[in-house]
Amino acid sequence: MIELFISAFVTLFVVIDPPGCAPIFAGLTSTAPPVAARRMAMRACLIATMILLVFALFGEKLLGALHIELNSFRIAGGIMLFLIAIDMVFEKRTERREKRAEEVRTAAEVDDVSVFPLAIPMIAGPGSIATIMLLMSRAQGTEATLMILAALIAVMVLCLAALLAAGPIMRLVGAKAEAVVTRLLGVLLSALAAQYVIDGLRAVMAS
Numbered sequence: 129m130i131e132l133f134i135s136a137f138v139t140l141f142v143v144i145d146p147p148g149c150a151p152i153f154a155g156l157t158s159t160a161p162p163v164a165a166r167r168m169a170m171r172a173c174l175i176a177t178m179i180l181l182v183f184a185l186f187g188e189k190l191l192g193a194l195h196i197e198l199n200s201f202r203i204a205g206g207i208m209l210f211l212i213a214i215d216m217v218f219e220k221r222t223e224r225r226e227k228r229a230e231e232v233r234t235a236a237e238v239d240d241v242s243v244f245p246l247a248i249p250m251i252a253g254p255g256s257i258a259t260i261m262l263l264m265s266r267a268q269g270t271e272a273t274l275m276i277l278a279a280l281i282a283v284m285v286l287c288l289a290a291l292l293a294a295g296p297i298m299r300l301v302g303a304k305a306e307a308v309v310t311r312l313l314g315v316l317l318s319a320l321a322a323q324y325v326i327d328g329l330r331a332v333m334a335s
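Position 44 of the sequence shown, counting from 1, maps to 172 under the numbering used here, and the rest follow consecutively.
Calculated from the structure, these hints are not laboratory results. Treat the numbers as computed from the prediction; the structure is a model and nothing was measured. For every residue, glycine included, the Cβ atom is placed at its ideal position computed from N, Cα and C. Heads up, a few of these hints could be off.
As the list claims (entries may be wrong) - Label-pair ranges, simulated between beta-carbon atoms:
(1) 271 with 163: 20 to 30 Å
(2) 198 with 296: 40 to 50 Å
(3) 162 with 129: 35 to 45 Å
(4) 293 with 254: 41 to 51 Å
(5) 159 with 186: 11 to 21 Å
Take the sequences, apply the hints, and build the full model.
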């Protein structure tokens, strides 16, 4: 169970990427009062957690209603995560996040960024939704399910901490160190994504 928790935690941490969300949040809320920024951080993490929990608990039923086999979702999810990993290695993901944040920041009519783009799609995006559904599909029994949900909650708590400490983190870490960490996480995610595809193909061939 401990190994399952660690595996789920690492996978979700890499995909959600709390350290990567921190500088974007700092830029989006640079002109907001500290109290308002903290509220947006808490609201964004709460909304994202609720979205991911819904897909974790009911995602398989949704696939069944759409007549999509779980193994097909494993393969598709693995390919999606692999593309995200490539973006992370070559820093394309960060560039897109920063561009989206800049578009929101320059729109004068948008004040609260907690729902968009923070909760959706920066935290609870297609990659994190696919990941939590893939993890839940591999859970055998109640204890395994609880371990994965606990890993999700732990990652979201770290994400909230990263957003709340976004300013100090940016001053302490710096852009270059963040780029190195993002690339390392991308390499790790690519291996995990390949494993999802292999598991899906193996199950299809065995059936």
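Hint by hint, here is what the structure shows:
One distance hint, 20 to 30 Å for the beta-carbon pair residue 271 and residue 163, is violated here, with the actual separation near 40 Å. Distance hint check for residue 198 and residue 296: the Cβ-Cβ separation is about 42 Å, which falls inside the suggested range of 40 to 50 Å. Taking 35 to 45 Å as the suggested C-beta distance range, the pair residue 162 and residue 129 conforms, at roughly 40 Å. Against the hinted window of 41 to 51 Å, the Cβ-Cβ separation of residue 293 and residue 254 comes to about 27 Å, which falls outside the hint.
Distance hint check: the CB atoms of residue 159 and residue 186 are about 38 Å apart, inconsistent with the given range 11 to 21 Å.
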